[in-house]
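Turn these sequences into a full structure, and let the hints guide you.
Going down the list, the protein sequences come from chains A and B. The first sequence maps to residues 1 to 279 in the working numbering. The second sequence maps to residues 1001 to 1175 in the working numbering.
One or more hints might be untrue.
[What the hints assert, rightly or not] Partner residues aside, some chain A positions facing chain B, computed with beta carbon under 8 Å: (1) Thr28; (2) Gly30; (3) Leu44; (4) Ser124.
By construction, these hints were calculated from the structure, which means they are not laboratory data. Virtual Cβ for every residue (Gly too), placed ideally from N, Cα, C.
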Amino acid sequence: MLRKRFFTSRPLVALLALLVVWWLLLPTLGSFLKLTFFEFQAPLWTVPSYVKDLGEYWMLTKHSPVDLVEAGRDLARLNAAYELKLQEYSTLSDELQRLESILSLSSNARFRYEIARVSRRDQSSWWQQIIIRKGRLHGIREGAAVVYGGGVAGRVREVYQYSAVIELISSATFRIAAHLEGDMRPATYRGGRNLSFHPAIGSVTNVQSDILIASDAPLRLVTSRLGGVFPDGLTIGWVDYLDPGSDGLFQSGQVRLDTRLLELREVAVLIPLEEERKL
Amino acid sequence: MNPNHRLLIVIGINLLLAALVSQVNTAFSGWAVHFTVDALFLLVPGLYLGMVRGLLAAAVAGLAMDALLPLPFGAATAFYLAAFALILRSRHRLRRENWKHLVMAALALNFTYMTYLSFFFGGLPDRSSIYWSRLITDLILSEFVVFACACWYVDLQLTLLHQLGANLGAELRDF
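Given below as structure tokens:
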């Protein structure tokens, strides 16, 4: 009886087996192979990156003592200026906390900066990504914001033990909530297509129709807290002009990104302190 | 020489080439150009190795590429295996000692691979003239690199295999 029932339901069993393989085994096998092959190859680009750093270090040691004294003097001046800024920042931070407690506002997310060297830049016509020499062991998590001296660099897409893949803001699949400096109404930033031998660009959409840009005064596009990952006010790029949209309600335009974006050598990953405390 | 060691040598040299290409792409990233030379990984496995070892070499190279690409995992491996099967099928028509045949096969494979990737990224928005201009520039530069390196790279692998005592003639006879 049981045998007969099994044979009659054989197509169903086959279907179930196929679904199990398709939904469970294939993704598991795929992620296992991806992880294994990535970690296996990682030294191939991490080691040259360390060798390059060592070469640069040796090159720097060849500088004359006069150059080093001058560089030390310049750095001391900069440090003094930064110390003053830090004091100012500390006072403003205390003031902000006091106001938040008076008004019973939820406090802004606070971050720790994890500095990481770039070991590989991979910027094709389809994707724009970099690989950094820090990963899960350093507290980096998927989706974390990545910044550099020129503003926003991108977002962490994949994290491995000692390295992480970052999708750059110039990538066509990158999207983020933004706003123009001095106007808190949200807009949308999207990575663009990048012409060979030219700096990277992006585009901004959903800009309110009453915003005007003078030809000699481009507006700075900055991150918005609405995105959730990035703190407010980090530079994305500069908008030189805006075109009216087809609906007549919003404008759109091209965003000029920093020229340093395509040659990043060091970035900082923003790790939310709240999240870290929970872990 | 143990036949499996030939496979390891081919895989090892392919990984070294991948590392070298990544260094070149890193160095040229400031100019917004990107070289894709994946056809080179398939020449020796397709033209000089037996079916099983060639298939394994192509699969390992494909999986290594897949680990880095923002594509559904297995997309590069599927192409590598299909390309390997195609080379294997047309192996008797190709004169691998003739550099023109070798270079033509490499150029055609590389062109097909880049077209295949374009198909995967076909759904992306903003497919403006900039997109096509960038794609064609990358394609021309990549094809130029493949043209310049295909014979040298195959020679390098064959010389290394020969120096280490591999008998490729026997491998092909077995096949």
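The hints, checked one at a time:
| no. | hint | verdict |
| --- | --- | --- |
| 1 | Thr28 | violated (11 Å) |
| 2 | Gly30 | holds (4 Å) |
| 3 | Leu44 | holds (4 Å) |
| 4 | Ser124 | holds (4 Å) |
Checked against the numbered hints above, the structure breaks only hint 1 and satisfies the rest.
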